Amino acid sequence: MRPGKLGGSMPNVYIAGAGMTRVGRRSEPLQELMADAAHGALAEAGIEQPGMVVVAAMNPEEFLGDGNFASNVATYLGLADVPAIRVETATSSGAAAFYAAFAQVAAGLYDSVLVVGGEKMTHLATPKVSEIIGRSIDPYERSYGATMPALAGLITRALLARKLVTLREIAQVAVKNHANAALNPYAHFQQPVTPEEVMESRMVAEPLRLLHCCPISDGAAALVLRAQRTAVRVAGVGQGTDTLAVRHRDSLTSFKANRAAARAAFEMAGFGPERIDFAELHDAFAPFELISLEDLGLVPPGKAGRVTLDGETARDGRLPINPSGGLKARGHPLAATGIAQLVECVWQLTGRVGARQVPGRVALAHSIGGLATNNWVTLLEAV
Amino acid sequence: MTEIAASRCPRCQAVVAPPATYCPWHPVAMTPTTVPGVGEIVSFTTLHSAPEGFRSPLHIAIVELEGGARFVCHGDETRGLRIGSSVAIEAIDDVYYFSHLGALERARLFWRRAGHAGDRVNAIARSLAKRVLNRGTRAS
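If you're matching them up, the sequences are chains A and B in order.
The opening position of the first sequence corresponds to residue 1 in the numbering used here, with each subsequent residue numbered one higher.
The opening position of the second sequence corresponds to residue 1 in the numbering used here, with each subsequent residue numbered one higher.
Hints are computed from structural coordinates only; laboratory data are not their basis.
Take these hints with a grain of salt, some might be off.
A short list of chain A residues far from chain B (calculated; beta carbon distances all over 12 Å) [as the list claims (entries may be wrong)]:
no., residue
1, P29
2, N59
3, G67
4, G78
5, L109
6, Y110
7, G134
8, P149
9, R168
10, M199
11, G297
12, R315
13, G351
14, R361
Listed next, with one range per pair, are the computed distances between beta-carbon atoms [what the hints assert, rightly or not]:
no., chain 1, residue 1, chain 2, residue 2, range
15, A, P11, B, W25, 29 to 35 Å
16, B, S99, A, A355, 50 to 56 Å
17, A, L124, B, W25, 34 to 40 Å
Here are some chain A residues pointing at chain B (derived, C-beta under 7 Å) [as the list claims (entries may be wrong)]:
no., residue
18, E131
19, E141
20, T147
21, A150
22, G153
23, R157
24, A158
25, M203
26, T243
27, L252
As the structure is a prediction and not an experimental result, all values here were calculated from the model.
Cβ atoms here follow ideal geometry from the backbone N, Cα and C, with glycine treated the same way.
Based on the sequences and whatever the hints tell you, model everything.
Here you go:
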């Protein structure tokens, strides 16, 4: 256990409601998307006013020109009288906001907390969006033109050079996640892709190609957390961190923040990765799904590519990964993503996803903030 | 040889470049130091849609400097470059570039660093052996 951290048993926290918008290119204002998601989650929980609102948004100042965003969203939602805060940890903001909501209920400060996350960015040109997202990178590395795809390219080259994965295995992540998203009406991409299409798509940051990367998406997602028992319990939440600068790290082929987040979440849950039936992993770049499978202990070291190619992580496999389509194909509306992953887990655990249903009682959601500087693992259990 | 400004943590001895006020891993002030501008490629990429203010294709590498720090820099080209390749780093207008060392340059560097004749020969032999080995793969 880290110094300064208290152990001890955690009171039970449950998910009482879940909602999200279709992800993709959306014309509505972000506040409207967040209201759709939030009102859906509140209606399902049977609550008009939660005790508190936690808002997740990564760059509303830059994308929209809006600040004071907790009050901005709470007022739009009709919850101006409810205490509201905003939480931001770059691309894992949704997962971090969920943690803040969880901590409020676990501490007994509130009986019900609404967490709502969203992002809107498709109205800006791609280079501008890349530049804004890239502000989460170490300033020195950014001054050399490092973008998220550039850093992911460096990582992918190191993975390939060490023969930890092959280009075919990386391509299979995209193929599998597109196939899952084709069954998800909330997903950005509804069409499957072939390994050849992935491996012949436009080069972005060598050796990373366009179809290895998630799209730029708009969308919002929300959950209501409560102290009263429901069908889904929060079994554990863990955070892991690392240096802002990627160059300061000993390894490019494993994320310390992944390993620390998993360790903390499993420690809180009192069980290990062998209990996980399915997972939503942060596949902003396809190779990250393979790195994370191993970092989180879901497959043995060196096996992620093989199990993916063998279909073990497919919807009908032993350990379905990203049944929603993942960031790769459901889409990645930044601060919505960590919450959208949990919405998918809740819907899966309660049998509400139709054709893409996978069996299971214990789900894992994994979110990467920045280039793995602030990562989260959340464990949900059907009870 | 280019000397690169860096910082050392008095607690854990970690070296980071460029200099930082505090150690990333300890809340203590770092001590100024320099590291030689030679090292090995940890990884590299070529960006085909470079961000605003840069021209495509843009070569970016992480280099493990001999002084211990890992450094990010540009390169003019990546032909023949692989992970583990030895590179020299030079500053042009305050921007750092790596260049892939040829056999002569490598020999010259080892010549300068080696203490006496026997070491020189050994160093050159090691350098050539390493060059052959580097055609295989290396840990990052």
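**Request:** Please verify that hint: R157/A, Cβ, nearest Cβ of chain B, below 7 Å or not.
**Result:** holds (5 Å)
**Item:** Status of R315/A, Cβ more than 12 Å from any chain B Cβ
**Value:** Answer for R315/A: holds, closest chain B Cβ roughly 32 Å.
**Request:** Report holds if the minimum CB distance from G351/A to chain B is greater than 12 Å, and violated otherwise.
**Result:** Per Cβ check, G351/A is outside 12 Å of chain B; nearest 42 Å; holds.
**Message:** At 12 Å, judged by beta carbons, does P29/A keep clear of chain B as stated?
**Reply:** holds (26 Å)
**Prompt:** Per the hint of 50 to 56 Å, is the separation of the Cβ atoms of S99/B and A355/A within bounds?
**Reply:** At 55 Å between Cβs, range holds.
**Message:** For L109/A, is the shortest CB-to-CB distance to chain B above 12 Å, so the non-interface label stands?
**Reply:** holds (30 Å)
**Least C-beta distance from Y110/A to chain B larger than 12 Å** = Since the minimum Cβ distance to chain B is about 33 Å, Y110/A lies beyond 12 Å and the statement holds.
**Consistency of the no-contact label for N59/A, given chain B and a CB cut of 12 Å** = The claim holds: N59/A sits with its nearest Cβ about 16 Å from chain B, beyond 12 Å.
**Proposed interface contact between G153/A and chain B, which counts if any beta carbon pair is under 7 Å** = Since chain B brings a Cβ to about 3 Å from G153/A, closer than 7 Å, the hint holds.
**Asked** Just checking, G67/A versus chain B, shortest CB gap more than 12 Å?
**Response** Its Cβ never comes within 12 Å of chain B, the nearest being 24 Å, so this holds.
**chain B contact restraint on A150/A - CB to CB distance below 7 Å** = Hint on A150/A: holds, closest Cβ of chain B at ~5 Å, below 7 Å.
**Asked** Does E131/A meet its interface restraint, that is, does its C-beta lie within less than 7 Å of any C-beta in chain B?
**Response** holds (6 Å)
Of the hints listed earlier, those the structure fails to meet are numbers 7 and 8, in rising order.
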